[in-house]
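What follows is the residue order along each chain.
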Amino acid sequence: MIKTETLNNIIFASLFCAAAGLISITPALAQTGVQVNANNAGLAMKVAPGELLPVSVKLLNFGQNKRVDVSIKYSIFTGAGQPIYESDETAAVETTASFVKAIPIPSGTAPGTYIAKISATYEGQLTPADSQFSFTVEPKIFGLFRNDFYVYGGITIVISVFMVLLGGILIKRRRQIRVSPFDYSGIGRDQRTFYEILSDTIMQMRARVGDEALDIAANIDGLKIDKETGRVLALTDHPAKIIATLVSEYEKVLGRKVSFSFRREKTGP
Amino acid sequence: MEKQKTILIVEDEKNLRDAVVDILQLKKFLPIEAKNGKEGVELALSKHPDLILLDLIMPQMDGMTAFKKIRKDVWGANVPVIILTNLSANSEQLVEDMVTHKPMYYLVKSDWKLHDVVDKINEILKM
Numbered sequence: 497m498i499k500t501e502t503l504n505n506i507i508f509a510s511l512f513c514a515a516a517g518l519i520s521i522t523p524a525l526a527q528t529g530v531q532v533n534a535n536n537a538g539l540a541m542k543v544a545p546g547e548l549l550p551v552s553v554k555l556l557n558f559g560q561n562k563r564v565d566v567s568i569k570y571s572i573f574t575g576a577g578q579p580i581y582e583s584d585e586t587a588a589v590e591t592t593a594s595f596v597k598a599i600p601i602p603s604g605t606a607p608g609t610y611i612a613k614i615s616a617t618y619e620g621q622l623t624p625a626d627s628q629f630s631f632t633v634e635p636k637i638f639g640l641f642r643n644d645f646y647v648y649g650g651i652t653i654v655i656s657v658f659m660v661l662l663g664g665i666l667i668k669r670r671r672q673i674r675v676s677p678f679d680y681s682g683i684g685r686d687q688r689t690f691y692e693i694l695s696d697t698i699m700q701m702r703a704r705v706g707d708e709a710l711d712i713a714a715n716i717d718g719l720k721i722d723k724e725t726g727r728v729l730a731l732t733d734h735p736a737k738i739i740a741t742l743v744s745e746y747e748k749v750l751g752r753k754v755s756f757s758f759r760r761e762k763t764g765p
Numbered sequence: 674m675e676k677q678k679t680i681l682i683v684e685d686e687k688n689l690r691d692a693v694v695d696i697l698q699l700k701k702f703l704p705i706e707a708k709n710g711k712e713g714v715e716l717a718l719s720k721h722p723d724l725i726l727l728d729l730i731m732p733q734m735d736g737m738t739a740f741k742k743i744r745k746d747v748w749g750a751n752v753p754v755i756i757l758t759n760l761s762a763n764s765e766q767l768v769e770d771m772v773t774h775k776p777m778y779y780l781v782k783s784d785w786k787l788h789d790v791v792d793k794i795n796e797i798l799k800m
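Chains A and B, in that order, give the protein sequences.
Numbers given in the working numbering equal positions in the first sequence, counted from 1, plus 496.
Numbers given in the working numbering equal positions in the second sequence, counted from 1, plus 673.
Only chain B is shown next, with the shape it has when bound in the complex (with noise of 0.2 Å):
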């Protein structure tokens, strides 16, 4: 039997999370949860998720913070990331940061479906 991927959504915003949780497991993959940029590091650095799912403003530790954390890692420099959020990337840093540490997606959440999300989640993984 194949192993069911781990997914780490790293999401402020608890029904978001939720909804994603619940979608994630229907389609049989493993989510873990994080509330914010700290514990999404933490947990991405010792669970070593398939992929991670993660939001850029959040409290404590943002999700661009927490990108450039895990991207320090060995471990980390190579995880396949999806960014969700509501933030345009309109901003010349953040595009910089994106350029550098390369996320897979950087989806806008107006505009996906979780559906979608999920189909990107599972192109990238038979990748």
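The shape of chain A in the complex, shown without the other chains (with noise of 0.2 Å):
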């Protein structure tokens, strides 16, 4: 903000300026000349080269009834204080008057802070009256700041590569149940070699064509299966014959023999 005092009348020019709304002017109380203090609020404000860097300015005109035409400049400094755009124009000031301006950041302005400087000259104007607030320029990268770009892209990265690997971890374990024999020692001997057979024949289908094992073998008579791990519950009729018609099952409807191992004998009961 700019408050100006004239000789005779007290003028005050007010200057707001506001990048992306987020700069405040703190009125100075001025009991004679000018005070100004401008700030954003602290809060960091970045725009990218090529970008517009949107300034609000106020004009506050009190005192006189006249319209002012004031002067007003826009200007950009490096950290520096070396300017990379300067530009002014006119407005008329009743009272009031407010207004955006767009600052155009030349493409190849090197990242860094900036300092943007707004001056307000006027007819009788005894003292400067101008406002500046610093900013950030920062190059994006697919439409994100770089910062941001590798914070977003890192974090990114950092949830994808444990989705994965969480991933592998669910199918590695999920194919592990899959082809993991399940165990039929709790069977009679007289039984288990049938239970053996069954279950890795339902697994090596399961392998080759995917579900739609379980569900054949779901449906043949006397074979009752858990239908999401294709383990052999029970065994209700003749077990060779159950065995035959889920070979011919799996033969009719899915065009696939059937192979089999046996497992090998274990000591014990």
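Take these hints with a grain of salt, some might be off.
[What the hints assert, rightly or not] Here are the simulated DSS-like pairs of lysine-lysine, each with C-alpha atoms no more than 27 Å apart in a straight line:
hint : chain 1 : residue 1 : chain 2 : residue 2
1    : B       : K782      : A       : K748
2    : B       : K678      : A       : K753
3    : A       : K753      : B       : K708
4    : B       : K786      : A       : K753
5    : B       : K782      : B       : K799
6    : B       : K741      : B       : K793
7    : B       : K720      : B       : K775
8    : B       : K793      : B       : K701
9    : B       : K775      : A       : K748
10   : A       : K668      : B       : K793
11   : A       : K753      : B       : K741
12   : B       : K786      : B       : K745
13   : A       : K737      : A       : K723
14   : B       : K708      : A       : K737
15   : B       : K676      : A       : K720
16   : A       : K569      : A       : K542
Keep in mind the hints are simulated off the structure, nothing from the lab.
Remember, it's a predicted structure, so these values are computed and weren't measured experimentally.
Given two chains presented individually in distinct reference frames, assemble the corresponding complex, making use of the accompanying hints.
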């Protein structure tokens, strides 16, 4: 904000500068002369080279009824004080004038901190009226500021890697569950081999054609299986007949023949 | 030097028998050939091979009959046998016989390459 006091009349030309709506101006309490206090409310402002820096300007004309023509100069300086942009325009102020000025940031602007300075001059002005605020220029990558891109990109990569690893573990675990032979040591020796053949056959076929193998097995008379895992739960008909029927069904429905492996005898019950 | 493992191939189809013999020789096994079940039983009981590859459908004596005869022998009761056949195990009697006489594998020819069969042989003989 800029407050300017003229010789005879008190004219306050208040210049509010706000970039991206984040700047607030604290009016200075002036006894005489001009006091300027501009800040950006402690929030960082960033703009990419080639983009526009929006600056909200408010001019206040206090103390006289006549119109005042104010010349406004917009400048951008590097941190070292080198100007990289300058433009000016004139605004007529009866009582107040508010507008947003878009200052183009040159495409080749190097990343860093810059200062935007807005100066107002008018006839009969005794002291300079200006306001300034700092902002950051940072290039964009895929629409994100570079630092944000790195942060979000890093987070995305970490999450992706985590998801891929998790997915891999789950798939591996599921596959292990699918291909690990079920243990039927709790089944009597006279029936165990039939359980093992049936179980291994269902598993083998499931690996080849998918869950359809389970559906077919679940519909075999005398065969009761866990429809999720394919584990054989019970045989209520002659086991050899059940195996022969299952093999026939797989051959008929899926067009696949069935090979068996016979598990080695374990010692014990 | 490790003794060559002997493999008895009981197979009536000459082309397949020759192919199996070739690959077994290549893999440093000592193959013995029988062209039907009867010859197979004779050679098995006289030569005591380390493993028998047995077809099921054969002239003179089928593979299952030969298998049963071999299993009746003291030595033959435990010899590892791989059934290599085109016959699908969709008959109750065949399944019953398999479970009773316990081959190591019942392999349907159309689903297996010779190299896979040799892998199975190696797997069994290393046990």
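Now for the hints, and whether the structure bears them out:
1. B:K782 x A:K748: Distance of about 18 Å is within 27 Å: holds.
2. B:K678 x A:K753: Answer violated: K678 of chain B to K753 of chain A is near 30 Å, above 27 Å.
3. A:K753 x B:K708: 25 Å, holds
4. B:K786 x A:K753: Distance of about 15 Å is within 27 Å: holds.
5. B:K782 x B:K799: 23 Å, holds
6. B:K741 x B:K793: 22 Å, holds
7. B:K720 x B:K775: Judged against 27 Å, a Cα distance of about 21 Å means the pair holds.
8. B:K793 x B:K701: 15 Å, holds
9. B:K775 x A:K748: 26 Å, holds
10. A:K668 x B:K793: The hint holds at about 25 Å.
11. A:K753 x B:K741: 24 Å, holds
12. B:K786 x B:K745: Judged against 27 Å, a Cα distance of about 31 Å means the pair is violated.
13. A:K737 x A:K723: 21 Å, holds
14. B:K708 x A:K737: 31 Å, violated
15. B:K676 x A:K720: 48 Å, violated
16. A:K569 x A:K542: 21 Å, holds
Against the hints set out earlier in the document, violations occur for numbers 2, 12, 14, 15.
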